[in-house]
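J.: Chains A and B, in that order, are what the protein sequence lines are. Counting from 1, one number per residue, gives the positions in the first sequence under my numbering. Counting from 1, one number per residue, gives the positions in the second sequence under my numbering.
These are computed hints drawn from the structure, not numbers from a lab. Among the hints, erroneous ones may be present.
[To be verified] Quick look at which bits of chain A chain B covers, simulated, 3 or more residues with Cβ under 8 Å:
no. : stretch
1   : 34–42
2   : 46–55
3   : 70–77
[Stated by the list, open to error] Which stretches of chain B does chain A cover? Using the computed rule of at least three CB atoms under 8 Å from a CB of chain A, they are:
no. : stretch
4   : 38–45
5   : 101–113
Note that beta-carbon positions come from the ideal geometry of N, C-alpha and C, so glycine has one too.
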Amino acid sequence: AQSVTQLDSQVPVFEEAPVELRCNYSSSVSVYLFWYVQYPNQGLQLLLKYLSGSTLVESINGFEAEFNKSQTSFHLRKPSVHISDTAEYFCAALSSGGYQKVTFGTGTKLQVIP
Amino acid sequence: EAGVAQSPRYKIIEKRQSVAFWCNPISGHATLYWYQQILGQGPKLLIQFQNNGVVDDSQLPKDRFSAERLKGVDSTLKIQPAKLEDSAVYLCASSPGTANYYGYTFGSGTRLTVV
Numbered sequence: 001a002q003s004v005t006q007l008d009s010q011v012p013v014f015e016e017a018p019v020e021l022r023c024n025y026s027s028s029v030s031v032y033l034f035w036y037v038q039y040p041n042q043g044l045q046l047l048l049k050y051l052s053g054s055t056l057v058e059s060i061n062g063f064e065a066e067f068n069k070s071q072t073s074f075h076l077r078k079p080s081v082h083i084s085d086t087a088e089y090f091c092a093a094l095s096s097g098g099y100q101k102v103t104f105g106t107g108t109k110l111q112v113i114p
Numbered sequence: 001e002a003g004v005a006q007s008p009r010y011k012i013i014e015k016r017q018s019v020a021f022w023c024n025p026i027s028g029h030a031t032l033y034w035y036q037q038i039l040g041q042g043p044k045l046l047i048q049f050q051n052n053g054v055v056d057d058s059q060l061p062k063d064r065f066s067a068e069r070l071k072g073v074d075s076t077l078k079i080q081p082a083k084l085e086d087s088a089v090y091l092c093a094s095s096p097g098t099a100n101y102y103g104y105t106f107g108s109g110t111r112l113t114v115v
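Could you build all of it, start to finish, from the sequences and the hints given here?
T.: Have a look at this one:
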């Protein structure tokens, strides 16, 4: 069975500072990895995903995540955050092969401080 | 394209009452999911439909929860009778294919409070 760990429940950061949201997964097989963002009172939105190929994936709003197989990590980074990035971020994993079920982490609340 | 529609947005009921939630996925999306998101936790899959068939309902408390997706489009999730621990946001999501690696589109959710 797969699991997803987001150790940081909250991450406060000043505006225009860099941020890293950590995600580790465990799976005995290959996985696909996702980051979702949830703004207040809204549903989750897919931010980016890693399926195969380049281990560095980017979103349209400046976030990027790097798949690191040896460290079983998929950390999310942004070099300079904006107030509008304040939201909760969920990492998710999907095992490849057979029936696939997506497992979500417990989420990290990013609070951008003006 | 229109997103995933859910209603109602909020619902407050007393324990032992029944409640139903409705979801209209993105047009043409074959797969529909219901997730339960308890405060402070990540979403947990309750049930997954492919068209109008159930793919996975292993985490659905079948003694009180039921769901259907008639004609492979809209879906309803029902709780009867509700318990205090059912207080959560119920999220509906859909995806275009049968493989989950497409990523999901989520609705805004229904926030249920059981008192």
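J.: Now, for every hint given, state plainly whether the structure supports it.
T.: Structure-based check of all given hints:
Counting residues of the stretch 34–42 of chain A whose CB lies closer than 8 Å to any CB of chain B gives 4, which reaches the minimum of 3, so the coverage claim holds. Under a criterion of three residues with beta carbons nearer than 8 Å to beta carbons of chain B, the stated coverage of the stretch 46–55 of chain A is upheld, 3 such residues being counted. Figure legend: the stretch 70–77 of chain A, annotated as covered by chain B; annotation inconsistent (0 residues with Cβ-Cβ distances under 8 Å, at least 3 required). Proximity of the stretch 38–45 of chain B to chain A, defined as three or more residues with a beta carbon under 8 Å from a beta carbon of that chain, is established by the 6 residues found.
Look at the stretch 101–113 of chain B against chain A: 8 of its residues bring a Cβ nearer than 8 Å to a Cβ of that chain, three or more, so the hint holds.
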